[in-house]
Amino acid sequence: MEINKELILKVAKNSRLKLTEKEAEEFVPQFKEILNSFSKLDEIKTEKVKPSFHPIEIKNHLREDIVKESIETNELLKNTKNKKENYFLGPKAL
Amino acid sequence: MKVQEFIKKVQDKDINIVEHIHKVLEECKKINKEYHYLNTISEELALKQAEQIKKNPKGKLAGLPISIKDSICVKDIESTAGSKILKGYKPYFHATAVEKAIKEGVIIIGKTAQDEFGFGGFSTNAGVDFEIPLNPFDKNRATGGSSGGAGGLTQKASFPNIGLGECTGGSIESPASFCGVFGLVPTYGRVSRYGLIDYGNSLDKLGPLGKNIYDCALMMEVISGYDEKDSTSLNKEVDSYTKYLKKDIKGLKIGVIKEAFSDGTDNSVKKNVWNGIKKLEKQGCTYKEISLPITMKYGISTYYTLATTEASTNLAKYCGMRYGASEEIKGNFDEYFTNVRSKNFGKEAKRRIMLGTFARMSGFRDAYYIKAAKVRSLIIEEYKKAFNNFDILITPTMPILPPTFKELEKLTPLQDYMMDIMTVSPNLAGLPHINIPVGFEKSLPIGMMIISDHLQEGKLIQVGKEFDN
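Residue numbers (my numbering), protein chains in the order written: chain A, 1 to 94; chain B, 95 to 563.
There are no misleading hints in this set.
Simulated restraints on C-beta separations: (1) B:Lys373 to A:Glu43: 35 to 45 Å; (2) B:Gly358 to A:Val67: 49 to 59 Å; (3) A:Glu21 to B:Lys391: 32 to 42 Å; (4) B:Lys149 to A:Lys78: 22 to 32 Å.
Just so you know, these hints were derived from the structure itself, not from any lab.
Keep in mind it's a predicted model, so treat the numbers as computed, not measured.
All C-beta atoms in this analysis are idealised placements derived from N, C-alpha and C, irrespective of residue type, glycine included.
Okay, chain B solo, but in the shape it has when bound (with noise of 0.2 Å):
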């Protein structure tokens, strides 16, 4: 059942919702067990909404499954966003994307798995004693990350559900990629950002993720909006997302960016992407190939310099004291702090940390976070330059089919950051993405990207729908 249909038989009373959520939640125990999509499964809040729609089914989301990202608060439920040095911490608040749908009437059924903080491509960088998420096609290969349990679960559940996912570099696209879902990432901005534990502020971006191109429409309808408590929030109209499912694309510009199939690319990707472009070549669209030169050549070296530095302040504030993990205290400030942080961040998350720190030390700064600062400026200025003669620009969204969990142990670091290629521009850029699921290679999914203009998510959705199920 689509999601469409599921919430009118809720709101016209033809589904027992308690009795649904029991069964969804007993999916999600099950599914849980193989596949570690759920850090957290809120049963006791999940039972309490039911409950209250089955009273009042109203609401444009009424008593439809969602699931929520570990790094999003969700108020009185365990929020870790993945790391072991938030384990235990219950925010007393809800972010307030969370809040717009839960006054739309979801049901929140856990928060999703992920990279520790958001730190990473594939979701295998879960924090200290945290389980990692298989892929739902293949359990030896990755979901992709960072949004990795969002992505597993919209594909694995066998109910209707929406994930809402966080994305600063490619968090949301790379799993909806890898799972075969629709994942789309809003303009910057576009949605608040209040309650999200961030990872980089001047990157991170909260949207959806669903196994058709209505879901994410419908619920960026109810997310997406001004928000007084996030000061980057856009003061700005929102659209009426669900109207662009009916809208041609006949006449639509496509700019195609040709260094996205370069010999890094695998073939395999290529070919399905391109049949992708065909196909909405003969649905009316034109389409030309280009060239983003300094955006594809340098985008992975901006992008890591800014996100790990202000991923480097944005986690100073994690010390054991007013929340998280906590350790005895015992020595002076900076003993106990070390202490506490060197126990509970992962791997990733140290070098992170150490890589931002260091780009922002006395005598580095100039020549690192600066530097990367002004190559974002020619980045974004190369894109908008596109968008003058393009309506909408396209990519594979990962380079690869989904990896098995042996061929990334084999990864450098610096390997692995290089997989994020595609995702990493648009995002410096704060542009609108998403990832269509395009085809299958051996059994596994493959992606391709659409990125529109600053606050254009209607032509994401109007493109989306040409591959919808």
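So that you can see chain A by itself, here it is in the shape it has in the complex (with noise of 0.2 Å):
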């Protein structure tokens, strides 16, 4: 897999952000370090190896279905400039 200005422009797009030209360079021989260091990983052998999501095993906590007080419409719009009357306000989805 070559690591180049196109394959970094492609990711940047998958990740919504816009790159400067200056950056994308910068980006291509920084990215082929890092990702040469995770590539060393492939030393170990692992077929046998379930994965890790957690450090700890996680029990799933499930509570009961009932409505609780929650958070009114004025202050959770507080934090935003894009609204309209009771709604956030957001870009064309079309």
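Join the two chains into one complex using the hints; note that each chain is given alone, in its own frame.
If you want it as structure tokens, here you go:
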């Protein structure tokens, strides 16, 4: 897998980031170095090993499905200027 | 004055707490001008809390000033996690740990500086338009990170205080080491993550920084415990941590991880940490050098693969709509989100989001993300085996002395990540660990790291007290 500017720009697009020309050029050698070090893990045999998505065993905590007091709409809208009446205002979906 | 003496005086009404907090805030402003430890000083809240304590001086932490890392939510106080993309965000709730501390009478003095979203080991990756905190012992050097503001303020403040920090792969113990204070990282799930602006969900932990071991023990008693609002919270009884301050360490078995003392570790660091181990031996502990080959060789690659993957999904929610930075709404969804994110994330945040996005892209997921999750299992297993024979494990906390900003500028991102070699692995395994200030070299502090088995925080406190001021 070749790490080049094209791949960097593709990953940036998937990440919803627009890089400057300079950033994209800087990232190429840096990503080569970092991803090469990630690939060091290939040295270890893991066919029979189960992955750990948490460091300790996590049990599901279930609760009763009871309606509880929640946050007021006004409070929620306080942190944005993009709002209309009781709703958040966002960009066009289509 | 020590924290416990201060709290006693507040409870006995021997201190005019409102007057005291006025002085504390003045000192914070003065320190901040020079050292940049606080992103926000919560003056109004602190004075309000001081008035309440004056009327009712109760609680285990009555009247004690505490600082909160900027990634931990405090109701109505700007909480940015050091990122421009969260500029202006005032949470409408307290993090559970903050709520618990308030119930015990703390006074919140402000939000401490950090690497953006915790993305760094030196606090030099502050977000766009944020200041970088400076080491309390030498302003040309880094505080460590990412809880750098917490480390610096805890050390520099003349008044008794505790810092509440957060750690993903070394963010409490690194600044504790470089700033010469104690910093305790609890078992994963011991302290609720509710209200934490997350970096990596399977790695994040909240924990205290303090000048004395007592401060960490006391704070742990307050903030630990099960929380139904955090699905990964541990439903296990909370230990009485302060009791361990009186417990003898005689007979404790220590495993010294020999890979941590290799050529990559500074000689002065090795010397001081060995002095610490010898001190414990004199107190009746026994030690043996052991090897953790997978953990020490592959910890960095495993950690950075998993942490960036988790970060890339966590940071997908920042899109300039409901809170934080926003722009005039124009263009379609993708154009608008891309515009806000590109302008407001700093360079390291962009780098980590992209590394994580790559590691879970179709075709690469198994080779990177799943592979790293499997190696994580092997690392946990290696530690668990070691704990069959030893009570605690010891390494230096950081392999180097606090570096100068000039030295850091020369590092490539990978060389920078490599500095976390000691700290990432206990974090991958969710093991409790602590930085203990163990000596000085060239007037700069050196830290020793003690790791114990899951939920054995008591042993860290038991050992830590041997090095108390």
